[in-house]
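The lines below spell out each chain.
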Amino acid sequence: MTEIIEPIDKLEPLPDIGGVAQPLLQVDGLTKHFPVRGGLFAKSKTVRAVDNVSFAIAKGETVGIVGESGCGKSTTARLLMHLMERNSGDIIYDGRTVGRELSLRELRRGMQMVFQDSYASLNPRLTIEESIAFGPKVHGMAENASRALARELLGKVGLRPENFANRYPHEISGGQRQRVNIARALALSPRLVILDEAVSALDKSVEAQVLNLLVDLKREFGLTYLFISHDLNVVRYISDRVLVMYLGEVVELGPVDDVWDKPAHPYTRALLAAMPSSDPDNRTQVPPITGDPPNPIDPPSGCRFHTRCPFVEAVCSGESPKLSDIDAAGHQVACYMFIPGSGHSKAPPTGAVAP
Amino acid sequence: MSNLVEVRNLNIKFSGERTVHAVNDLSLTLGEGEVLGLLGESGSGKSVTLRALMRLLPKKRTQITGTVNVLGRDVLALDDEELSAFRGQTVSMIFQEPALALDPVYTIGQQIAESVMRHEGKSQADGMKRALEMLEVVRIPSAKRRLDAYPHEMSGGMRQRAMIALALACKPKILLADEPTTALDATVQIQILLLLRELQREFGMSIIFVTHDIGVAIEICDRVAVMYAGQIVEQGTLSQIVRSAVHPYPRGLLASTVHGAKRGARLETIPGTPPSLDKAPVNCSFAPRCSFAQPRCVEAPPPNVHMEGNRMARCILAEPAAVVV
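Protein chains in written order, with our numbering: chain A, 1 to 355; chain B, 356 to 680.
Rather than coming from a laboratory, the hints here were simulated on the basis of the structure.
Since the structure is predicted, the reported quantities are computational estimates derived from the model, not experimental observations.
Positions of the beta carbon are idealized from the N, C-alpha and C atoms, including for glycine.
Be careful, since some hints might not be right.
To be verified - If you anchor each label on the Cβ, the simulated ranges turn out as follows:
(1) A/I17 / B/E553: 53 to 61 Å
(2) A/E85 / B/K414: 49 to 57 Å
(3) B/G664 / A/N282: 18 to 26 Å
(4) B/D633 / A/E152: 27 to 35 Å
(5) B/A610 / A/N282: 16 to 24 Å
(6) A/G155 / B/S594: 38 to 46 Å
(7) B/S594 / A/S200: 25 to 33 Å
Using the sequences and the accompanying hints, generate a full structural model.
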């Protein structure tokens, strides 16, 4: 017999369980490999899309993920949302392991996502109000209450409900659609919102509007963001801490200003140096790095960056380097040049204390 | 400096299911050896303008008025035969998505050779020789092997290099570039920009470079024309536009950039959204979003004000700096 649940009028956010010291999200050894079928006699290959990625997001923090296409940043987001199965790794939401102590249903209440393509992520047959109200209804909210909530949220994202509630996604502009997607993500009162290239498809003047909105909403609802983007300027503006990914691995992680001002990993340095200049009299003269990122199918052994790295030495192609602290502020890097006694000529001597 | 390209009062209207006034009264010039940037947001008419220079727009649904002169020839009057000689030899174009612009069933070498054979009447062998040269010019590693590669066998950056090689194979005087680095990763984008800059000097060609990214424009352009709602609202040298734009739209665009913005501080924004172009503009298209708008901005089209140093702005704010031409 199915249990009949009375519709409710309000969805409360998931309660804060672990307190301030407990990270809102903890990711441990997250791994996703896609098999690629080989030819008739060719051996099958593996795309190591995300390989042993670990990080934590504190409550109220904004963590950015940067990297080029194929580095696994979007796959990471999809694994966190459980939009695809992971091979291994633990996802711990506010102290509760997803799948064991926290059901998927509860996780979706606590974590929502905004995608890059604002049009593809809305149902074209639902009005904007219906799209926003859909999630709360699934989670047991009464019809009227969910519609009222949808209208309230439209107001919060800067769209007048009387003008927009009954329109369809194709009737509004890209910037407005992305505001709708943000409203929909907030409809379940999540505490963590994953923004996967959420402003990348928008024009510059609209991008600034949406970024302002995200900052406002974060303050108003006490949100925590995971902000994924290839645009380094945007990531620097919005993030507190940043993860740099390369071919499925985290190569550097730390407070955003530390990483920008003192990038340690040669890849991070190249990525930052590749940003177009903003000074007409001071153009880039030499490309910081040559070649394209390698194919993530069967990536290079050892440090995955060693094929493009200007400082490559024998040690780099052996074991892959571990993320190691380089200061006390939580700036970590996976590079043999920073691991004492690693055998790299630029590495500090064994026993040296991190500077 | 003589002008290779002269566009006067260009209007482009698309008809069909709905009417779009994509380009409205646009005039521009391109000098010898100059890189002109067309900067604008999506829907501002920058790509349409570029395509009109090569007559790539669908014939049936497009109405073009005005004059387009390239190397003294009236492009709008060319017949089909003349057009295909013109494309690729005098003017060449590179696109955002090389995977779509290259033919998937021919190797890179064959595609370049075909262009050389068609335009210069060379033999297949000579065409292949030129193809190899061109792949070396665009710094494709192990070029000889890449001649026999199909587009899908190459990475994004390599494909873009191959497309540049194809576009430059017949040494055109003018290269039209339609967001050629937008689909590329950051570390590859800068390589392609520097390559284009180098080739432009080496071949002495002129480039019109369409982009929505001010950073990209800064890396490659000499002069910039900022487009809004199918019109050039301001044009001048790169540093004039970046340092001291007059028109409120480029000023707003430059102010709203997140580059260097303080974390958490509010970003400057341009309120509202660009107009739909279903009617031809009868006043300043930017006025509804403009904080300096005056009654006369909505009453009549703004003046096209010429300023010192071949600089222009379509705005009443530029009037105090006007010079008589």
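Structure-based check of all given hints:
For A/I17 and B/E553, the Cβ-Cβ distance of about 59 Å falls inside the hinted range of 53 to 61 Å, so the restraint holds. The hinted range of 49 to 57 Å is satisfied by A/E85 and B/K414, whose Cβ atoms lie roughly 51 Å apart. Here the CB-CB span from B/G664 to A/N282 is close to 21 Å, well matched to the stated 18 to 26 Å. Hint check: B/D633 to A/E152, Cβ distance near 33 Å, so the stated range 27 to 35 Å holds.
Against the hinted window of 16 to 24 Å, the Cβ-Cβ separation of B/A610 and A/N282 comes to about 20 Å, which satisfies the hint. Between A/G155 and B/S594 the beta carbon distance is about 43 Å. The supplied range of 38 to 46 Å therefore holds. One distance hint, 25 to 33 Å for the beta-carbon pair B/S594 and A/S200, holds here, with the actual separation near 28 Å.
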